[in-house]
Structures are given as C-alpha cells and as structure tokens.
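Protein chains: 2
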Amino acid sequence: METMYTYQQLKKFTLDVFRAIGCSENDSMLATKVLLDADLRGIDSHGIARLSGYVRLWEAKRINASPSIKIVHESPSTAVVDGDGGLGLVVAPFAMDVAIKKAQQAGTGWVAVKNSNHFGIAGHHAMMALSHDMIGIAMTNASPLVAPTFSVERLLGTNPIAVAIPADKQPPFVADFATTTAANGKLEILQRKNADAPPGWIQKKDGSVSTNPHELKEGGALIPLGSDRDHGSHKGFCLGAWVDIFSAVLSGANYGPWVPPFVSFLAPPADPVGAGIGHFFGAMRIDAFRPAEEFKSHMDNWISRFRSAKTTADQESVIIPGDPERMMSEQRIKEGIPVNAKVIEDLQELSGRLKVKF
Amino acid sequence: METMYTYQQLKKFTLDVFRAIGCSENDSMLATKVLLDADLRGIDSHGIARLSGYVRLWEAKRINASPSIKIVHESPSTAVVDGDGGLGLVVAPFAMDVAIKKAQQAGTGWVAVKNSNHFGIAGHHAMMALSHDMIGIAMTNASPLVAPTFSVERLLGTNPIAVAIPADKQPPFVADFATTTAANGKLEILQRKNADAPPGWIQKKDGSVSTNPHELKEGGALIPLGSDRDHGSHKGFCLGAWVDIFSAVLSGANYGPWVPPFVSFLAPPADPVGAGIGHFFGAMRIDAFRPAEEFKSHMDNWISRFRSAKTTADQESVIIPGDPERMMSEQRIKEGIPVNAKVIEDLQELSGRLKVKF
Numbered sequence: 001m002e003t004m005y006t007y008q009q010l011k012k013f014t015l016d017v018f019r020a021i022g023c024s025e026n027d028s029m030l031a032t033k034v035l036l037d038a039d040l041r042g043i044d045s046h047g048i049a050r051l052s053g054y055v056r057l058w059e060a061k062r063i064n065a066s067p068s069i070k071i072v073h074e075s076p077s078t079a080v081v082d083g084d085g086g087l088g089l090v091v092a093p094f095a096m097d098v099a100i101k102k103a104q105q106a107g108t109g110w111v112a113v114k115n116s117n118h119f120g121i122a123g124h125h126a127m128m129a130l131s132h133d134m135i136g137i138a139m140t141n142a143s144p145l146v147a148p149t150f151s152v153e154r155l156l157g158t159n160p161i162a163v164a165i166p167a168d169k170q171p172p173f174v175a176d177f178a179t180t181t182a183a184n185g186k187l188e189i190l191q192r193k194n195a196d197a198p199p200g201w202i203q204k205k206d207g208s209v210s211t212n213p214h215e216l217k218e219g220g221a222l223i224p225l226g227s228d229r230d231h232g233s234h235k236g237f238c239l240g241a242w243v244d245i246f247s248a249v250l251s252g253a254n255y256g257p258w259v260p261p262f263v264s265f266l267a268p269p270a271d272p273v274g275a276g277i278g279h280f281f282g283a284m285r286i287d288a289f290r291p292a293e294e295f296k297s298h299m300d301n302w303i304s305r306f307r308s309a310k311t312t313a314d315q316e317s318v319i320i321p322g323d324p325e326r327m328m329s330e331q332r333i334k335e336g337i338p339v340n341a342k343v344i345e346d347l348q349e350l351s352g353r354l355k356v357k358f
Numbered sequence: 359m360e361t362m363y364t365y366q367q368l369k370k371f372t373l374d375v376f377r378a379i380g381c382s383e384n385d386s387m388l389a390t391k392v393l394l395d396a397d398l399r400g401i402d403s404h405g406i407a408r409l410s411g412y413v414r415l416w417e418a419k420r421i422n423a424s425p426s427i428k429i430v431h432e433s434p435s436t437a438v439v440d441g442d443g444g445l446g447l448v449v450a451p452f453a454m455d456v457a458i459k460k461a462q463q464a465g466t467g468w469v470a471v472k473n474s475n476h477f478g479i480a481g482h483h484a485m486m487a488l489s490h491d492m493i494g495i496a497m498t499n500a501s502p503l504v505a506p507t508f509s510v511e512r513l514l515g516t517n518p519i520a521v522a523i524p525a526d527k528q529p530p531f532v533a534d535f536a537t538t539t540a541a542n543g544k545l546e547i548l549q550r551k552n553a554d555a556p557p558g559w560i561q562k563k564d565g566s567v568s569t570n571p572h573e574l575k576e577g578g579a580l581i582p583l584g585s586d587r588d589h590g591s592h593k594g595f596c597l598g599a600w601v602d603i604f605s606a607v608l609s610g611a612n613y614g615p616w617v618p619p620f621v622s623f624l625a626p627p628a629d630p631v632g633a634g635i636g637h638f639f640g641a642m643r644i645d646a647f648r649p650a651e652e653f654k655s656h657m658d659n660w661i662s663r664f665r666s667a668k669t670t671a672d673q674e675s676v677i678i679p680g681d682p683e684r685m686m687s688e689q690r691i692k693e694g695i696p697v698n699a700k701v702i703e704d705l706q707e708l709s710g711r712l713k714v715k716f
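Each protein sequence line maps, in turn, to chains P and F. Under our numbering, the first residue of the first sequence carries the number 1, and numbering increases by one thereafter. Under our numbering, the first residue of the second sequence carries the number 359, and numbering increases by one thereafter.
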C-alpha cells in the first residue's frame, strides 16, 4: 500500500509543481521545505498528501501564487500581516520572521495574519525561533469540523497550537497538537482502513457518540480535547476558541463557521466576516527573561527529569514533546518517506495535468 | 452542611486575618479582593477555604507578609518579577500590572514571576487587562499532583491557564481551566461526599485506572486533560508542561517535582532548583493589532454565533467561557456565599488562634 521515496525525489517534484503554478523560485523552495517537513516528521496528513489540494485551490483562484505579503499594522512588539491570499506555506514563514525581528528589538514579537491559507504543520514555524535562542509559538484556525461542547454544529477547526522551547544538550521541547481529541489526520488513517474510532473522537449529527470515521460526511463532528463534558471537553473548546480568536479576530481573518474550506469542491461561505484564514505567531527572546545559557541548562534538567520518570509497567519512558517527530525525521532522511498508494495516484494525476515529471 | 455569608462578612474577616499576620493595609485589601473573587465566581476550592492554609504557611515562615516585590530583569515588552516570598495574591496583581504597563508602551507585556506562592484564581489576574482594552493571560505552576502520560510519578501541578478577551455589548470571553481532566477542587468535593470519580480523572500508583477520590493519598495522581493516550492525554501533558516552563524555567522559580507544596505540613524539597513557585502573565493591547472597536464588535459576533449554535436535545445553549462564573458572581453578590461546615470550623479555629472576630 506504500512506496518509499527519498526526500530528494519528493522535493524535486514538489518544487516543480510550485514552479508550475507560478510561484517564484524563492517561494517554491520555501513552500517545498515547509510542506515536506510534515512528511519528514511523520505528520503524513499535512505533507505531500496535500500538494494536489493546494493546486486545486490555485486552479479555483482561491490561492494567489505571487502574493504581495505585507505588514499592515504594527507596534514595537506586534504586527498584523496580510497574506494577500498566498500559500500559507509562504505567508507563515514571512510572519514568523517578523515576530523574530520584533523580538530582537522588543524582547518578544507577536504577529497575527489574515488573508492566508493552510500553512502546513504549526511545529515547523514555531521551531524557526529555536536557532535564535527564542521560544516560538504558532497557531492557526482551520475550516469548521469541530462541535463545541453541547453543540451539534461544527464551528471550529482542529486549530493546532505549537510551542517550541530551546534546551542546551537536550533536543528542544516541541509541542504541536490539534486542540481536538484526535487530529483529522488520524481520522483519515481510520477512513482508509475502514476501522472504528475510539468513542470520544467523533459525534453524530445529533451529538451522540459515534465510532464511525466517516461520520463527518453525515453531518457529524470532531470533538474538542477532553472527549466529553465530564472529562473536560469544555477546556478543549476553550483552547480551540483561543486559537480562533487570536488567529482571526485579532487579524481580521474569517473565524468560526466562516473559515473557508481547504478543499476546492466546497465553496467558501457567501458572507465572509474577514479575509482568508488566520494564523498567530509568537517569538520570545530567552534573554529578555534570563540569560539564555542559564535557561537552557535548566531546560536540560527539566527534560532529563521528565524523561527518566518512573513509568507504568508497559512503557519504557515518558515521551518528551517533539521526540517522536525528531526521531522520525532522522529515520526518514536516511531511509526514505513512505507514500500511500492513493496519494501516489493523486500525484501522478497532478503530474500529468501540470506536465511536471513525477 | 452550608451556611450563607454575605460578601461583606467574609471580606471583613479575611481583611482582619491578613492585617493580623502583618500585611500592609493595601496588601490586605488586595489579597482579600483576589481571594474572595474565587468564592464569588463559584471556585470555592480557591477562596476563603484556603485562608487558613495561607496563614499556616506564614506561621511556618514560608510566606513573607511584608515582601519587597521587585522587577529584577526587563526588556521593552518583558520583565521578571521577584515576589520575595510574598502572598501570590499580592505578587500576581503587581506582576500583571507590570505586564499592562509594558503593553501600553510596547503593544504587549509578558511577565514571568519567581519566589511567589499560590495566587488564587488565574482568571482574576487575566481579567485585569479587560478594562484597558487588552487581552489578559495568566498561568501558574503548582505543587506536583499530576502524572504525565506513561508516568507513575507526579511531576506537574494542575497548572491552570486563563485567557480573558474583551467584547463590546457581550460580556468578555474568560477561559480559566486546570490543564488536567478535572481540577483538584472537583476532587475535593467528591472526597467530602465519599463519591466515586469518573474513570479518567485519577490513576493508581501503578498508573492503572482509579475512581477513588482519595487515591492521591495512596500514591496515585491526577491525569492530564485528555484522560488517556487514545484521547489525547499527551496534549494535556504538553499544556501542563508549557505552563510549568513559562512560569518557572523562564523566571527562575521551582519547576516540575521541585515545586514546594501549598500545605505547611509537607516540607519543600530539600534540593530546590529555583525560588518559590512561578507564574506567567501577558497583556496584549488590542489596538496594537487592529482598532479596539472593530475587534470588540467582531467578538460580539463571535460570541453571539457560538451562543446561538444548535445544541444537543438535552442542552439549552453552548456555554461561552466565563458565563457560568459571571452569573454565579452576580447571584452571590445578591444572595450571599455558601460556606461549607468544615470550612467554617477551620475559620473559627483560625479566628480563635489569631484573636480576630469571625
């Protein structure tokens, strides 16, 4: 069901696809790097599997391949960026770069983005801060698939949050998670296998429990982190709402049920409340709080202590956020990236359509 | 089991207690206001029920009643505050005030605090930003009661996060939640009733499922938001870790298993890695992103849309974060605050010991 490709093979094709739709050389390189970082880190749902989706949105004139990305409002530690309908894969690194530059001057930098599109994996953007001895934060809203606690309507996206924190000898702490019980990518895996989901991931259109991974097609919804009211789904709702408001109400993008869908076959809402989808980025200079060496040495201590905690009998160690993705990345650079047969079919179709060799 | 007191009655006693242990008039007023805001908002575990706990820590010389609270490091948008071992109820408003002043100048303000103690409810501090047309954020670490996913050791506190966001005609959005499945206060209610907890709140000392609310006395632990690995407890762990690192590793406070206990009968760890417990505060000026009126009018739209969402058959409406606490506060100001018999006994004992009339 899967074929292995080298990173270089996927990179060459992806680059050519972005060039073919009219992205500049720089933008093509950047978008390729961001997109394929998902495949390297094992977030297969957000990588090359989405390449044809971006192209279809461009074909539907809902992505601008040569955007003029601009700061439209700013203060010493903040900015709002207008992505001009560009690829989120290009808009997001621009905005994170603004956050980092603000942090160099003001200690921290916070950038809200409107008029953008899907930005790949949040973790990639948050991690841009690490080499500057900064903490990075990235979040984005997304098209509505999630029902808040007690709702049967889908009003929020899976709205991920990423936080990247540097250490010294230890690898960095990198949390990157959807604010739902399970990310949509995990559901897609079950859909392909026709396997049941655990109760607590999905609800039916009347709000009752479902284990059918295809339930979203029948009017069902994903559930906020927590699963149900007794187990704190209202907290997951708070998190998703927080991401939505910071990403879109602060920036002037579409929020809640108005966020346009990523797929080209669904039309965007006819009554938009803003422009495109929204993101939010933060960069915090460590030495705006305490000397970076001191901080990073305590982070080493934090990570070692948690990693060496006594575990349940069936587990070897506590997993430090970012460890599985880093190890996957090291492995896939060496051994290649497995690509699902359906994705390959989709890429071959794309190859024929754009006349780009796969 | 409960007796009603007016806010004024509880205020007078609480003020007198803080005066009796040597707090200044200003600090006594401030600490009283912050502490009793928990009772007004219905977070009974964090209000007057904890008053004797603060006094016992002062008696054990682990709280400084006349601290010299200071900024020890700063940049245009950041500061680190040393609480000098003062009441968190006094240190936190000082630090949030610094964050607000930074935001007035730099657009945002971010303050990490070390050498503090329990600060009451996070929501109170976050809400200080609202009247300035700012978004407020407050978080704190706490003594270790929570086992990260796969751990049988308690390494994190219930580490709450609060985010307060202003609206125009609608009341503000105020999220304030522990990063565990259930807050410790909910467990205390079950302990008093000797009632079972739902599976997913607590684990036994070997990491297996427990429904016994007294399990923490037997070496058990609270569980991060998500309940188990399949339902995203690793995300709740990420959230709790984020709060711990921002509150304590950035500031130079104790983190993880080194956070000193709130109760005076348990000694602090003999090998501290920092000073006291840590908090983290943020203030973001709305108009550092877009005109405040525009933002607040979109917040009204956001709140109305979510509040009027179609619900499951058994529910009247989606609950907007902050609504239950605001309604409780309005009710309790009018009708009084119910105080549990065990808490009254404890306050009477305190009254006798400090010679302060209750």
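Just so you know, the hints here were simulated from the structure itself, not pulled from any lab data. A couple of the hints might just be wrong.
In silico DSS-like pairs for lysine-lysine, Cα to Cα no more than 27 Å straight-line [as the list claims (entries may be wrong)]:
#1 Lys562/F to Lys310/P
#2 Lys428/F to Lys70/P
#3 Lys459/F to Lys205/P
#4 Lys101/P to Lys668/F
#5 Lys310/P to Lys654/F
#6 Lys169/P to Lys334/P
#7 Lys668/F to Lys204/P
What you are looking at is a predicted structure, and each value in this text was computed from that prediction instead of being measured.
Looking back at the hints listed earlier, which ones does the structure fail to meet?
2, 3, 4, 5
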